[in-house]
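Undergrad: For the protein sequence lines, the chains are S and V, in the order given. Mapping to the numbering used here: the first sequence position 133 is 133, numbers consecutive. Mapping to the numbering used here: the second sequence position 406 is 406, numbers consecutive.
It is worth saying that the hints were derived from the structure and are not from the lab. Keep in mind that the hints are not guaranteed to be accurate.
Put simply, identical chains are the same to the list, so a pair is met inside one copy or across any two.
[As the list claims (entries may be wrong)] Quick list of in silico lysine-lysine cross-link-like pairs, DSSO-like style, CA-CA up to 27 Å:
no., residue 1, residue 2
1, K287, K214
2, K154, K322
3, K360, K332
4, K214, K151
5, K438, K62
6, K438, K60
7, K154, K253
8, K301, K358
9, K154, K214
10, K438, K56
11, K309, K214
12, K154, K301
Since this is a predicted model, take the numbers as computed values, not measurements.
Number of protein chains: 2
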Amino acid sequence: MEQLHELLQQVIPDGERVLTEKADLASYSYDASFGVYMPEVVVQPLSTCEVAEILKLANKHKIPVYPRGQGTSLSGGPLPVRGGIVMDLSQWTSKLEIDTENMLAVVSPGVTAQAINNAALVHGLIYPPDPSSMNIATIGGNLAENSGGPKGLKYGVTKDYVIGLEVVTPEGEVIHTGGKTMKNVTGYDLTKLIVGSEGTLGIITEAILRLYPKPQATETLMALFDDIIDAGRAISNILSAGIIPAKLEIMDKASVEAVEAYRPTGLPTNIDALILIELDGHPEAIKDEIKRVNDVCLQEKARSVQIAKTAEEAAQLWLARKLVSPAIVRVKPTKISEDATVPRSKIPDMFQRLKEIKQKYNIDLVVFGHAGDGNLHPNIIADERDTEEMKRVEQAVEEIFQAAIELGGTLSGEHGIGTLKAPFMEMELGAVGVDMMKRIKQAWDPNDILNPGKIFPEPNQRFVLTND
Amino acid sequence: MEQLHELLQQVIPDGERVLTEKADLASYSYDASFGVYMPEVVVQPLSTCEVAEILKLANKHKIPVYPRGQGTSLSGGPLPVRGGIVMDLSQWTSKLEIDTENMLAVVSPGVTAQAINNAALVHGLIYPPDPSSMNIATIGGNLAENSGGPKGLKYGVTKDYVIGLEVVTPEGEVIHTGGKTMKNVTGYDLTKLIVGSEGTLGIITEAILRLYPKPQATETLMALFDDIIDAGRAISNILSAGIIPAKLEIMDKASVEAVEAYRPTGLPTNIDALILIELDGHPEAIKDEIKRVNDVCLQEKARSVQIAKTAEEAAQLWLARKLVSPAIVRVKPTKISEDATVPRSKIPDMFQRLKEIKQKYNIDLVVFGHAGDGNLHPNIIADERDTEEMKRVEQAVEEIFQAAIELGGTLSGEHGIGTLKAPFMEMELGAVGVDMMKRIKQAWDPNDILNPGKIFPEPNQRFVLTND
Numbered sequence: 001m002e003q004l005h006e007l008l009q010q011v012i013p014d015g016e017r018v019l020t021e022k023a024d025l026a027s028y029s030y031d032a033s034f035g036v037y038m039p040e041v042v043v044q045p046l047s048t049c050e051v052a053e054i055l056k057l058a059n060k061h062k063i064p065v066y067p068r069g070q071g072t073s074l075s076g077g078p079l080p081v082r083g084g085i086v087m088d089l090s091q092w093t094s095k096l097e098i099d100t101e102n103m104l105a106v107v108s109p110g111v112t113a114q115a116i117n118n119a120a121l122v123h124g125l126i127y128p129p130d131p132s133s134m135n136i137a138t139i140g141g142n143l144a145e146n147s148g149g150p151k152g153l154k155y156g157v158t159k160d161y162v163i164g165l166e167v168v169t170p171e172g173e174v175i176h177t178g179g180k181t182m183k184n185v186t187g188y189d190l191t192k193l194i195v196g197s198e199g200t201l202g203i204i205t206e207a208i209l210r211l212y213p214k215p216q217a218t219e220t221l222m223a224l225f226d227d228i229i230d231a232g233r234a235i236s237n238i239l240s241a242g243i244i245p246a247k248l249e250i251m252d253k254a255s256v257e258a259v260e261a262y263r264p265t266g267l268p269t270n271i272d273a274l275i276l277i278e279l280d281g282h283p284e285a286i287k288d289e290i291k292r293v294n295d296v297c298l299q300e301k302a303r304s305v306q307i308a309k310t311a312e313e314a315a316q317l318w319l320a321r322k323l324v325s326p327a328i329v330r331v332k333p334t335k336i337s338e339d340a341t342v343p344r345s346k347i348p349d350m351f352q353r354l355k356e357i358k359q360k361y362n363i364d365l366v367v368f369g370h371a372g373d374g375n376l377h378p379n380i381i382a383d384e385r386d387t388e389e390m391k392r393v394e395q396a397v398e399e400i401f402q403a404a405i406e407l408g409g410t411l412s413g414e415h416g417i418g419t420l421k422a423p424f425m426e427m428e429l430g431a432v433g434v435d436m437m438k439r440i441k442q443a444w445d446p447n448d449i450l451n452p453g454k455i456f457p458e459p460n461q462r463f464v465l466t467n468d
Numbered sequence: 001m002e003q004l005h006e007l008l009q010q011v012i013p014d015g016e017r018v019l020t021e022k023a024d025l026a027s028y029s030y031d032a033s034f035g036v037y038m039p040e041v042v043v044q045p046l047s048t049c050e051v052a053e054i055l056k057l058a059n060k061h062k063i064p065v066y067p068r069g070q071g072t073s074l075s076g077g078p079l080p081v082r083g084g085i086v087m088d089l090s091q092w093t094s095k096l097e098i099d100t101e102n103m104l105a106v107v108s109p110g111v112t113a114q115a116i117n118n119a120a121l122v123h124g125l126i127y128p129p130d131p132s133s134m135n136i137a138t139i140g141g142n143l144a145e146n147s148g149g150p151k152g153l154k155y156g157v158t159k160d161y162v163i164g165l166e167v168v169t170p171e172g173e174v175i176h177t178g179g180k181t182m183k184n185v186t187g188y189d190l191t192k193l194i195v196g197s198e199g200t201l202g203i204i205t206e207a208i209l210r211l212y213p214k215p216q217a218t219e220t221l222m223a224l225f226d227d228i229i230d231a232g233r234a235i236s237n238i239l240s241a242g243i244i245p246a247k248l249e250i251m252d253k254a255s256v257e258a259v260e261a262y263r264p265t266g267l268p269t270n271i272d273a274l275i276l277i278e279l280d281g282h283p284e285a286i287k288d289e290i291k292r293v294n295d296v297c298l299q300e301k302a303r304s305v306q307i308a309k310t311a312e313e314a315a316q317l318w319l320a321r322k323l324v325s326p327a328i329v330r331v332k333p334t335k336i337s338e339d340a341t342v343p344r345s346k347i348p349d350m351f352q353r354l355k356e357i358k359q360k361y362n363i364d365l366v367v368f369g370h371a372g373d374g375n376l377h378p379n380i381i382a383d384e385r386d387t388e389e390m391k392r393v394e395q396a397v398e399e400i401f402q403a404a405i406e407l408g409g410t411l412s413g414e415h416g417i418g419t420l421k422a423p424f425m426e427m428e429l430g431a432v433g434v435d436m437m438k439r440i441k442q443a444w445d446p447n448d449i450l451n452p453g454k455i456f457p458e459p460n461q462r463f464v465l466t467n468d
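Input sequences plus hints: build the corresponding full structure.
TA: Right under this line is the structure:
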């Protein structure tokens, strides 16, 4: 260990950016998912050259390297499951350039999506992707995981905004993919391959991101339903009416109750579900759309539809949605946040399946999320000290994945595979599908240096949610 | 050859779909670019199983397979440069399903983008990508090349609409990538890797495509300029005013003159350039935008701005743009259609560089294209029987690529690399960048069966435009 530390200090002479104290290592041993794994050493590079040298060193000595942002991953992306080096890129915040002429941002890996959006707003532009961790999480992490967010419905996810990358390959070579042009078909699309590859194919050291003109106006609506199945149908009908809201979120009864118990926002707790809708664009267009959304919801038996009259009222409605996650962990300490995603038309079926799973395994299941794009967040709350309960939870989660896939959906809409969902890869992709992905990993990273133990299941790997 | 023919007939018992007559082979020996290469045999599969069997056979006997749609490629994508089997997928038109609930189309590889859009329109939906060959070219070809089109500015290119594929791998295995969900981060994004890989990584046998609600209204404007540099600035200012037109096309003086000589549409030939703009969306939003576009153009010294009063008038303006390609080949028989693309802000610089190149090499250069996204189409017209002229053209094209890359641009915005631009790959990507792409090809296609001789340059391959 001493030796590795010394080697890294040759690359990064600034001693403060090579960490070996046990307390430091411990704070890099976990993320927002499950499992604790101690690294041997943590490095905090601040340049492409440093990243390249570290990877060359790691290849020479066959030491795994685990890239990491702020550790908000819900799937185990940055966990150093085989020890070795954690490469903390969160300190590399030096670049955040707004290119107004081309409507682009050029950023280093440590800046947050919120910082990018704030810098864009100064020029009347926005960076639309809005993962709920956007205040904390690094863009490097967003890129590695291809993060989504409520605005994904209208604006797409992180990948849709990336047109160029500087990447250090697993062997420590520097490549540039794409560039500042809107269109590029020169060879394979390495940009979109690397974004979402969960740090297994390269370290992103710089990204070129598209920005978008700020919409002229924004309005928020809330519709209350006595039956969540009706809410599902309303969502489907809004979209097939040709209206594409900026956001279209759902909260079930349990989410509403949890929020009201945690910090009352005045929501009625005697409903079965509510949907929150944000419309943006030209003021006249929104006026029309509000009317149509209102009609569709009432047709699908909404108890009522409320239109926020002021920006404050709108903010208050969205606050309730934001509070779901902190609120539900008050009920029980362990939260298993899933993101199994189904085709839009299968949302009512998925609600039905979730209801059955909840009863079958007697679990505390809360459902909310990005209903407009079929990306629900079934959250199970439990207590990880209760081994018997956790076993039921593991079975329930497995059945949620099964249900999503049977309905034509996917294991993960926006959280990634990481360590957590690796055992289920073949369930969705089949052995050949997984093999074709593995071939890319092997061709790019022959020594299996970069984030090993992620995405691809280890032989006989089982799904476990307990930390031991 | 007889033997190969017999082997293929075991896979496809229907004799009429295995072609060996010289006249048939000849019609598969060329595309819309340069070069003539005879295949040994042509097959026309109509099922995934047939495609898989053919590829297994080809691997066993080490015979190259060249997938092909309607042969409209401008970069040599389907040319059978090493003989072997041409796999004609244009006859496979059996599937064109519109899933209105999920706003998706599910299609077999032989249908056209126009047919998809027509089928969508019945349900008030559109399939936005609009390559100029959309009436003829197959969606399989569009997917292989990641085709663009005028609407790319607002709506993106083919890749932005693909969320799921059925693919036969180079070794003849069937995989499914993505699916019917809007979001999917389960493992590497093979969908976006395969789309645009020019038929070198797999044969697409089915695709799931996103559709979009038909915009409520559409308006067309034309602005005339006495200096193309002013036109470039107007384009830039329209976009930075936060207006994103559906299309924003430019025609230079030479294009206008060619069209008016070919089939007069009433355009003034004493201008230096014109821009054509289509705005779509909510009628009130468009009304505002028309006013703002008009103001920006006049500020940038437009001679006049004309707003089409009727749909017929709009169609007449777009007809002029469509006529450019057929019109310019009336001047000289050989057309070299380029698609070098630059960042939006570099459009005026690119105009300047093209002007200099035109003079330096004394070539007939016509410039038009998708100015809004920096994807110009500098077209050189020449006579390929004139060897001396063709040498100057080759040098000029090389310098156009050089200029695009120096301005931060790319070799190809939407036509692909194929055979034609392979010699320039390292100029844009560097040796390591090309190597990382090649590793994927080698890992997926160890016998180099699928469309060999494309994208990656052969040792010492030079750029040539003559057919011998």
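Undergrad: Each hint should be assessed against the structure and marked as holding or not.
TA: Against the structure, the hints:
For a Cα distance limit of 27 Å, the shortest separation of K287 from K214 qualifies both inside one copy, at 18 Å, and across copies, at 19 Å. For a Cα distance limit of 27 Å, the shortest separation of K154 from K322 inside one copy, 19 Å, qualifies, whereas the shortest one across copies, 31 Å, does not. For the identical chains of this complex, K360 and K332 are intra-copy neighbours only, at 20 Å inside a copy versus 75 Å across copies, given an alpha-carbon limit of 27 Å. In this assembly of identical chains, the alpha carbons of K214 and K151 lie at most 27 Å apart whether taken from the same copy (13 Å) or from different copies (21 Å).
Proximity of K438 to K62 under the C-alpha cut-off of 27 Å is found in both arrangements, the shortest distances being 19 Å within a copy and 24 Å between copies. In this assembly of identical chains, K438 and K60 lie within 27 Å of each other by CA distance both inside one copy and across copies; the values are 22 Å within and 23 Å between. Proximity of K154 to K253 under the C-alpha cut-off of 27 Å is restricted to the intra-copy arrangement: shortest distance 26 Å within a copy versus 39 Å between copies. When the C-alpha separation of K301 and K358 is checked against a cutoff of 27 Å, the pair qualifies only within one copy, where the shortest distance is 25 Å, while the shortest distance between copies is 67 Å.
Taking identical chains as interchangeable, the C-alpha atoms of K154 and K214 lie at most 27 Å apart whether they share a chain (14 Å) or sit on different chains (15 Å). For the identical chains of this complex, K438 and K56 are neighbours both inside a copy (22 Å) and across copies (21 Å), given an alpha-carbon limit of 27 Å. Taking the shortest Cα distances, K309 and K214 sit within 27 Å of each other inside one copy (21 Å), while across copies they are farther apart (30 Å). Within a single copy, K154 and K301 get their C-alpha atoms as close as 25 Å, which meets the 27 Å cut-off; across copies the closest is 36 Å, which misses it.
Of the numbered hints stated above, none is contradicted by the structure.
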